[in-house]
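If you're matching them up, the sequences are chains V and Z in order. Heads up: take any position in the first sequence, counting from 1, add 3, and you land on this note's numbering. Heads up: take any position in the second sequence, counting from 1, add 79, and you land on this note's numbering.
Since the hints were derived computationally from the structure, they do not count as laboratory data. Keep in mind that the hints are not guaranteed to be accurate.
Here chain Z is said to cover these stretches of chain V; the calculated rule only asks that three of the stretch's residues, wherever they fall, bring their Cβ under 8 angstroms from a Cβ of chain Z [said to hold, decoys possible]:
id: 1; stretch: 43-50
id: 2; stretch: 438-446
id: 3; stretch: 460-471
Computed cross-link-like contacts, DSS-like style, restricted to lysine-lysine with a CA-CA straight-line distance of at most 27 angstroms [claimed, not checked]:
id: 4; chain 1: V; residue 1: Lys276; chain 2: Z; residue 2: Lys82
id: 5; chain 1: Z; residue 1: Lys127; chain 2: Z; residue 2: Lys309
id: 6; chain 1: V; residue 1: Lys195; chain 2: V; residue 2: Lys276
id: 7; chain 1: V; residue 1: Lys463; chain 2: Z; residue 2: Lys81
id: 8; chain 1: V; residue 1: Lys26; chain 2: Z; residue 2: Lys82
id: 9; chain 1: V; residue 1: Lys276; chain 2: Z; residue 2: Lys81
id: 10; chain 1: Z; residue 1: Lys179; chain 2: Z; residue 2: Lys341
id: 11; chain 1: Z; residue 1: Lys297; chain 2: Z; residue 2: Lys309
id: 12; chain 1: Z; residue 1: Lys127; chain 2: Z; residue 2: Lys382
id: 13; chain 1: Z; residue 1: Lys341; chain 2: V; residue 2: Lys195
id: 14; chain 1: Z; residue 1: Lys169; chain 2: V; residue 2: Lys459
id: 15; chain 1: V; residue 1: Lys463; chain 2: Z; residue 2: Lys211
id: 16; chain 1: V; residue 1: Lys26; chain 2: Z; residue 2: Lys341
id: 17; chain 1: V; residue 1: Lys96; chain 2: Z; residue 2: Lys169
id: 18; chain 1: V; residue 1: Lys459; chain 2: Z; residue 2: Lys82
id: 19; chain 1: V; residue 1: Lys96; chain 2: Z; residue 2: Lys283
id: 20; chain 1: Z; residue 1: Lys154; chain 2: Z; residue 2: Lys309
id: 21; chain 1: Z; residue 1: Lys82; chain 2: V; residue 2: Lys195
id: 22; chain 1: Z; residue 1: Lys81; chain 2: V; residue 2: Lys456
id: 23; chain 1: Z; residue 1: Lys330; chain 2: Z; residue 2: Lys283
id: 24; chain 1: V; residue 1: Lys320; chain 2: V; residue 2: Lys359
id: 25; chain 1: V; residue 1: Lys77; chain 2: V; residue 2: Lys276
id: 26; chain 1: Z; residue 1: Lys81; chain 2: V; residue 2: Lys29
id: 27; chain 1: Z; residue 1: Lys169; chain 2: Z; residue 2: Lys297
We put the CB at the ideal spot given by N, CA and C, even for glycine.
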Amino acid sequence: MLFNTIQFLIFFISVFSIITVVKYRKFQHLFLLAASLFFFYYSSNYLIVLLIYSTVLDFYLGQAIWNTENISRKKILLIISLAGNLGLLGFFKYADFAILQFNFLGNQLNLGTDIPFLNLALPIGISFYTFQTISYTVDIYRGKLEPCKTLREFALFVSFFPQLVAGPIVRASVFLPQLREKIANSAGNRLKLITIENSNLKLGVTLMAFGFLKKMFFADNIAPLVDNIFNNPVGMESLTIILGAVAFGIQIYGDFSGYSDIAIGAALILGFKLPLNFNKPYFATSPSDFWRRWHISLSSWLRDYLYIPLGGNKKSKGHTYFNLMTVMFLGGLWHGASWNFVIWGILHGAYLAIHKLILDRFPIFKNNSFLNSKIGKIISISITQYFVFLAWIPFRVHDFDQMIYSMHKFIFLDIQFSQFLDIVSANRFSVILIILFLLLHFISYRKTDIINKISKLELKYWMIILTTIILAILFFFDGNPEDFIYFKF
Amino acid sequence: MKKITLTIFLSFVIALTIFIYLQNIFDDTQFVREKEFFSRNFDETNSKILLLGSSHVGMLNAKNIESTINENHSKYIVFNLARAGDTPEKRIQQATELLKLNPSVVVYGIGYRDFSTDIVLNNENIFPEPDKTFVDILEKFDFLPDNPKFTTLNAIRSAFGIGIINSSSNLPDTPFFPYDSSYDTVTPINELEKQFISEKNQIKIQNLNLNHNVHSLKKLLDQFEDKNIKIIIFVTPHSLHYLNNLSDSDKQEFENIVNELKLNHNISLNNLLLNYSKSEIWVSTNHITHGDIGRIYDEDISKMILKEIEQ
Chain V
4 MLFNTIQFLI FFISVFSIIT VVKYRKFQHL FLLAASLFFF YYSSNYLIVL
54 LIYSTVLDFY LGQAIWNTEN ISRKKILLII SLAGNLGLLG FFKYADFAIL
104 QFNFLGNQLN LGTDIPFLNL ALPIGISFYT FQTISYTVDI YRGKLEPCKT
154 LREFALFVSF FPQLVAGPIV RASVFLPQLR EKIANSAGNR LKLITIENSN
204 LKLGVTLMAF GFLKKMFFAD NIAPLVDNIF NNPVGMESLT IILGAVAFGI
254 QIYGDFSGYS DIAIGAALIL GFKLPLNFNK PYFATSPSDF WRRWHISLSS
304 WLRDYLYIPL GGNKKSKGHT YFNLMTVMFL GGLWHGASWN FVIWGILHGA
354 YLAIHKLILD RFPIFKNNSF LNSKIGKIIS ISITQYFVFL AWIPFRVHDF
404 DQMIYSMHKF IFLDIQFSQF LDIVSANRFS VILIILFLLL HFISYRKTDI
454 INKISKLELK YWMIILTTII LAILFFFDGN PEDFIYFKF
Chain Z
80 MKKITLTIFL SFVIALTIFI YLQNIFDDTQ FVREKEFFSR NFDETNSKIL
130 LLGSSHVGML NAKNIESTIN ENHSKYIVFN LARAGDTPEK RIQQATELLK
180 LNPSVVVYGI GYRDFSTDIV LNNENIFPEP DKTFVDILEK FDFLPDNPKF
230 TTLNAIRSAF GIGIINSSSN LPDTPFFPYD SSYDTVTPIN ELEKQFISEK
280 NQIKIQNLNL NHNVHSLKKL LDQFEDKNIK IIIFVTPHSL HYLNNLSDSD
330 KQEFENIVNE LKLNHNISLN NLLLNYSKSE IWVSTNHITH GDIGRIYDED
380 ISKMILKEIE Q
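Same shape as in the complex, but just chain V:
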């Protein structure tokens, strides 16, 4: 079920109403679980079996890991959990990609390999819920988390509908305590009564409204310009390619952070706090700063469950650079079974490694007063974003020749104003939206916590803002709800 459809609106209002009216703890929790499973089943049909498999597997393995004293047995159980989860993810997401590479390699070696494709449907949200369940068993293995008391609670953690299909990737340690009444800052034994609080309702609705605005008003209306440029970029001059890369950067940010805002807002209305997923990424001053601001729940997951276990920065410098590259390579592959995502990941890995290398070689850049000044920040942001937007090209352009052409034009400027003006003129509305978005992004950077402030406005002013947002969405909706880009991952 897409968030940007009337179906979701009806679904959410129904869930909200029933939770508000029926104030029995057990019922509320069971109902929320049933509603979440229905939400998944609605668009995934029989693939719900995979979600149930992951849930059951990790619930029982989590308990077994916790109850076992023997270290090597604990390790074996963890390996079973990882194999069960990653095997499922690998099979459904990467089987055909692997077959393609195998056939290609076989043909290069004149072996005549021609393994038929499996043509499997990609289960929605599998990359997200797999990472959630992995973090659960790993945290139990590390002794950082107690296993969930009941299967119902664990199932709700895995399938909680706001974050089920595209995150944020929630850790069990963050979510599970929210299912229980708090007793002196720790989770008690009693199930939490879900009550709708005024402040949460207002903030949640404001977040959702801005999420919809980012997705349906900005991202969906900038998309035609991106398609216009990148569906066939060969022959385009540099400014057009740069415009395309910037437009795509804004489209994907509006699309994904919009989704995250809706998810966080919907959860908050129901009394659950999900972690922040974006924090003005286009004002990042370095590649590592970018990854502290972009898809935060994924980057922190990769840090805690991949980068640190690989040794992080505790070993040699060379090892650290290698770890950064490896993590970002896998992070790229996580996005999809395609080389363009791998290239995107490798580019970011290289950015992180080179940035680290520069800081290691030239410590003068650490806490440098010039770089901390206004002009220094502007320069840092500009350089960082140049590379971030360059990397968006392989993310968007799947055809290899077209990707190389676009990246070449992005780096080596070849400017023809007339062609650029033609594109701008044919896509005036999208260009205006890009400027407007950058302006709003800048305002939100300067004035922190703006959504919170809006949610605290008097009801009449709040209503004006809500109405304006709804009008902007309605008037510029083209009749076809567009998929969220991250639904494909």
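Given the coordinates of chain V, work out where chain Z should sit on it, guided by the hints.
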């Protein structure tokens, strides 16, 4: 909480009221265009020939066909009433208006897409599908315009004196199919191949007994027959790239549908499916260019009509 909920509700009501009110003022959608066309006063001294179908038919030039027919018969007026993405199921909703026009000949172009059902790639669901039921219910209560963005942008363009994109750019006597200058250009073969890849597996034709579009078309033909209107059905031309992309089962289902129409209706059936399949006259894998090179399509349709009216 009541106050907040009420505020949210009011925001929706106010926004929807403003939206629907303004959209109705600026709307230039298909619905308005159709209403305007059917409420016209037509000159009844001329016999009307109606071309019906989807964008495949939309590529025909009504004026070219009309002038070819009227070289020998000066009393015919041809209207191309094709609509983008049209299907018999959608067209039958227009049946009353079409009959009121009292046409002497109806020419209906059918292609694979007219009988295709929406499919999700590789997603043959085993369990019941609540999404489909829900969408069907919602469609019955669909009171919102099809493309508000189009209307809004046109209103803005009009307010700033920038040329608007609407029915005024249609070809003569082709009221429902917007003309686009890109239709004049032939797409190179290598580009068609790319389209062929992107269109792969987009067609799935259901068995004729279960196919709603077949039932709708048959009903529509019955109504034309009852009014003694001459009916010409033609299978629209497709490029080789498109045809190569179809599965054998879909080709067979389509053939069954055509045979069913031939056996049970008083129609003249013409098959243009392969006529230009290898020619370089395609805008896309199933649309012939509006440009001069595409006039052969108009001429073949004209011949078809002439044959029927001269019988």
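Against the structure, the hints come out as follows:
1. Three residues within the 8 angstroms Cβ limit are the bar, and the stretch 43-50 of chain V against chain Z gives 5, so the coverage statement holds.
2. Three residues within the 8 angstroms Cβ limit are the bar, and the stretch 438-446 of chain V against chain Z gives 0, so the coverage statement is violated.
3. Coverage of a stretch by a chain is defined here by at least three residues with a beta carbon nearer than 8 angstroms to that chain's beta carbons; for the stretch 460-471 of chain V and chain Z the count is 5, and the condition holds.
4. Distance restraint check for Lys276 (chain V) and Lys82 (chain Z): the Cα-Cα separation of roughly 23 angstroms lies within the 27 angstroms cut-off, and the hinted pair is therefore satisfied.
5. Restraint check for Lys127 (chain Z) and Lys309 (chain Z): satisfied, since their Cα atoms lie roughly 11 angstroms apart, inside the 27 angstroms limit.
6. Restraint check for Lys195 (chain V) and Lys276 (chain V): the C-alpha separation of about 14 angstroms stays at or below 27 angstroms, so the hint holds.
7. The straight-line distance between the Cα atoms of Lys463 (chain V) and Lys81 (chain Z) is roughly 14 angstroms, inside the 27 angstroms bound, and the hint therefore holds.
8. At roughly 20 angstroms between alpha-carbon atoms, Lys26 (chain V) and Lys82 (chain Z) fall within 27 angstroms of each other, so this suggested pair holds.
9. Distance restraint check for Lys276 (chain V) and Lys81 (chain Z): the Cα-Cα separation of roughly 22 angstroms lies within the 27 angstroms cut-off, and the hinted pair is therefore satisfied.
10. A distance of roughly 25 angstroms separates the Cα atoms of Lys179 (chain Z) and Lys341 (chain Z); the hinted pair therefore holds under the 27 angstroms criterion.
11. Among the hinted pairs, Lys297 (chain Z) with Lys309 (chain Z) is consistent with the structure: their alpha-carbon atoms are about 15 angstroms apart, no more than 27 angstroms.
12. Our distance criterion of 27 angstroms between C-alpha atoms is met by Lys127 (chain Z) and Lys382 (chain Z), whose separation comes to about 16 angstroms.
13. This hinted pair does not check out: Lys341 (chain Z) and Lys195 (chain V) have alpha carbons roughly 68 angstroms apart, beyond 27 angstroms.
14. With a C-alpha separation of about 48 angstroms, the suggested pairing of Lys169 (chain Z) with Lys459 (chain V) is violated against the 27 angstroms cut-off.
15. Taking the CA atoms of Lys463 (chain V) and Lys211 (chain Z), the gap is near 39 angstroms; set against the 27 angstroms cutoff, the hint is violated.
16. The suggested pairing of Lys26 (chain V) with Lys341 (chain Z) is violated, with an alpha-carbon distance near 64 angstroms, which exceeds 27 angstroms.
17. Taking the CA atoms of Lys96 (chain V) and Lys169 (chain Z), the gap is near 38 angstroms; set against the 27 angstroms cutoff, the hint is violated.
18. Restraint check: the Cα-Cα separation between Lys459 (chain V) and Lys82 (chain Z) comes to about 14 angstroms, which is no more than 27 angstroms; the hinted pair holds.
19. Using a Cα cut-off of 27 angstroms, the hinted pair Lys96 (chain V) and Lys283 (chain Z) holds, with the two alpha carbons roughly 25 angstroms apart.
20. The suggested pairing of Lys154 (chain Z) with Lys309 (chain Z) holds, with an alpha-carbon distance near 16 angstroms, which does not exceed 27 angstroms.
21. The suggested pairing of Lys82 (chain Z) with Lys195 (chain V) holds, with an alpha-carbon distance near 25 angstroms, which does not exceed 27 angstroms.
22. Taking the CA atoms of Lys81 (chain Z) and Lys456 (chain V), the gap is near 21 angstroms; set against the 27 angstroms cutoff, the hint holds.
23. Only pairs whose Cα atoms come within 27 angstroms are accepted, and Lys330 (chain Z) paired with Lys283 (chain Z) is accepted, the gap being roughly 10 angstroms.
24. Restraint check: the Cα-Cα separation between Lys320 (chain V) and Lys359 (chain V) comes to about 9 angstroms, which is no more than 27 angstroms; the hinted pair holds.
25. For a cut-off of 27 angstroms, the pair hint linking Lys77 (chain V) to Lys276 (chain V) is broken: about 31 angstroms separates their Cα positions.
26. Among the hinted pairs, Lys81 (chain Z) with Lys29 (chain V) is consistent with the structure: their alpha-carbon atoms are about 25 angstroms apart, no more than 27 angstroms.
27. For the hint pairing Lys169 (chain Z) with Lys297 (chain Z), the CA-to-CA distance comes to about 13 angstroms; that is within 27 angstroms, so the pair holds.
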